[in-house]
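Residue numbers (the working numbering), protein chains in the order written: chain A, 24 to 305; chain B, 1115 to 1401.
It should be emphasised that the hints constitute simulated quantities derived from the structure, not laboratory data.
Note that the structure is predicted; figures quoted are calculated from it, not measured.
It is possible that some hints are incorrect.
Using C-beta positions, here's what the derived DEER-type ranges look like [what the hints assert, rightly or not]:
{"no.": "1", "chain 1": "B", "residue 1": "Pro-1309", "chain 2": "A", "residue 2": "Ser-70", "range": "32 to 40 Å"}
{"no.": "2", "chain 1": "B", "residue 1": "Asn-1248", "chain 2": "A", "residue 2": "Glu-271", "range": "12 to 20 Å"}
{"no.": "3", "chain 1": "B", "residue 1": "Glu-1290", "chain 2": "A", "residue 2": "Gln-265", "range": "55 to 63 Å"}
{"no.": "4", "chain 1": "A", "residue 1": "Ile-33", "chain 2": "B", "residue 2": "Val-1249", "range": "25 to 33 Å"}
{"no.": "5", "chain 1": "A", "residue 1": "Phe-239", "chain 2": "B", "residue 2": "Asn-1248", "range": "28 to 36 Å"}
The list that follows gives simulated cross-link-like pairs (lysine-lysine, DSBU-like), each with its CA atoms no further than 35 Å apart [to be verified]:
{"no.": "6", "chain 1": "A", "residue 1": "Lys-116", "chain 2": "B", "residue 2": "Lys-1214"}
{"no.": "7", "chain 1": "B", "residue 1": "Lys-1214", "chain 2": "B", "residue 2": "Lys-1117"}
{"no.": "8", "chain 1": "A", "residue 1": "Lys-125", "chain 2": "B", "residue 2": "Lys-1165"}
{"no.": "9", "chain 1": "B", "residue 1": "Lys-1399", "chain 2": "B", "residue 2": "Lys-1214"}
All residues carry an ideal CB built from backbone N, CA and C; glycine is no exception.
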Amino acid sequence: MRNPHRTQKIAFFFLFLATLLIVIPVGLIVVIIIQKGLPAINWQFLSDIPRQGMRAGGIFPAIVGTVYLVIGAIIFALPIGLLAAIYLSEYSKDNLLTRLIKLAIVNLAGVPSVVYGLFGLALFVVFFKFGASILSGSLTLGIMILPVIITTSREALESVPYSFREVSLSLGASKWQTIRHIVLPNAIPGILTGTILGLGRAAGETAPILFTVAAFYLPRLPDSVFDQAMALPYHLYVISTQVPNVDEKVRYGTALVLLALVLFMNLVAIIIRYKFRKKKKW
Amino acid sequence: MRKFKEFIIEKLILICGLASIFFVVLIFLFLLKEGLEVFKGITPFKFLFGKSWYPISEPPQLGILPLILGSLLVTVGAAIISIPIGVGCAIYIAEIAPLKIKETLKAGIELLAAIPSVVLGFIGMVTLVPLVKNVFHLPTGLTALSGSIMLAFMAMPTIVSIAEDALYSVPKTYKEGALALGATQWQTIWRVMLPAASSGILAAVMLGIGRVIGETMAVMMITGNAAVIPNSILAPVRTLTATIAAEMGEAVVGAEHYFALFAIGIVLFVISFAINVTADLFLHKRQ
Chain A
24 MRNPHRTQKI
34 AFFFLFLATL
44 LIVIPVGLIV
54 VIIIQKGLPA
64 INWQFLSDIP
74 RQGMRAGGIF
84 PAIVGTVYLV
94 IGAIIFALPI
104 GLLAAIYLSE
114 YSKDNLLTRL
124 IKLAIVNLAG
134 VPSVVYGLFG
144 LALFVVFFKF
154 GASILSGSLT
164 LGIMILPVII
174 TTSREALESV
184 PYSFREVSLS
194 LGASKWQTIR
204 HIVLPNAIPG
214 ILTGTILGLG
224 RAAGETAPIL
234 FTVAAFYLPR
244 LPDSVFDQAM
254 ALPYHLYVIS
264 TQVPNVDEKV
274 RYGTALVLLA
284 LVLFMNLVAI
294 IIRYKFRKKK
304 KW
Chain B
1115 MRKFKEFIIE
1125 KLILICGLAS
1135 IFFVVLIFLF
1145 LLKEGLEVFK
1155 GITPFKFLFG
1165 KSWYPISEPP
1175 QLGILPLILG
1185 SLLVTVGAAI
1195 ISIPIGVGCA
1205 IYIAEIAPLK
1215 IKETLKAGIE
1225 LLAAIPSVVL
1235 GFIGMVTLVP
1245 LVKNVFHLPT
1255 GLTALSGSIM
1265 LAFMAMPTIV
1275 SIAEDALYSV
1285 PKTYKEGALA
1295 LGATQWQTIW
1305 RVMLPAASSG
1315 ILAAVMLGIG
1325 RVIGETMAVM
1335 MITGNAAVIP
1345 NSILAPVRTL
1355 TATIAAEMGE
1365 AVVGAEHYFA
1375 LFAIGIVLFV
1385 ISFAINVTAD
1395 LFLHKRQ
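All chains should be built: construct the whole structure from the sequences, respecting the hints.
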């Protein structure tokens, strides 16, 4: 006879197992990288240029390159993304155009990262003749993180209660004044979360910068936005697959720095969101 | 004066609102502009179904069938692994886990989604690849199977979070009704919650698969990069994405090889577009 309670026990066991099958490998990945990468981390590793064909020395130019790229991407994507979010939350009506915009955002988020690389190559590097440069890479990454910024900012703006806007408008403020002084300040934590998530995404991506900016080996800092640069994810790829006989420690160390950078940004975003949710008075 | 200023600002907001449409169209146009050139030398049919990819031989052979089959094999493998685990985990988080564990699990899944693919590729190289090699006694562990396992982990966060959302948005009354009729919790989940959330779960699976097809770095690092028609999941393969990433560096701008790689980009763009539009339809049906 089939016992529904036993069936439930078996089913729940398998669901729990499925969860463990995700959680344990994630934990293992993080632990392995920390354990094997930590011995490599010291001041010299973080502040020196790569030496002996990237088999020794540090990863400073790659760190700096990634920071430049991420800053460039956010300078481009934040204003456009924020204004687009304002449009969607405050101005758009429920019509075909809005539907198309939302569909475009979904698609922009789904385009494979290597296709962004191709696009950046065709538009910025070749067509605009920026060459392989920080500028080309930043713009490519900027377009890639646009959907993240738009989606999270829009959620933040829409979570501001409608009554706030009504009060402001009834006091004689214009629509823009209401957005600028009432809606935006209340949505800042959410916008910040989206921005940081976008930064994290831009810092970790490799494929979009492969042909738009990344230098295989450039043991100096870039001089201008038209210069090529090294970047952490690409550097990790290069020393793991393209350069033979690289010390394991250097590889794990580089992986750890990249992982720490990306996870730190995500953690900050999660904490901001959590705190904000708790503090929300409405 | 203020009226004028606000007029400018509101127009600016409208323009930025349209930016995403503009960029999607721009991406597609530039892929077409560079990619369609290749069809001056080869018919679309021969390009898609040609059995050999030797882009630098003389004359170059530009058939992407091996690459399509490589992508397909890796994707099917990843789907078989990630769908049951991902949906199972979503059910656990949405329906069974206590509130505190739930928040921790969700944060953990979010962290998995955040790990850069090149880091996952690296970890796959040093842990999974030797393991696959030893378990199956292969000359190399760089196989489609290794790629499938690693990619499954990239699909899971997407599947879990969207499927969990879908389960969460099933009206509470459904669940309460079933429980009140004396169904066990599992019967409620299996017979009521899952059917009610099915279109959302389907969308979750599709978006997860979309993520796998588009994934580049990890796949390039652990699937062995052999551009031949794969005969087993334990053979090295090369995917569409990896081909672009690996070869664009050597291709000369304006050469046939360069155009062919852009044509592969068109194929990828069309696949991801189709997946995203369909998934979006499913998500909309749910509301």
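Notebook entry, point to check: What hint numbers does the structure not satisfy?
Noted result: 1, 6, 7, 8
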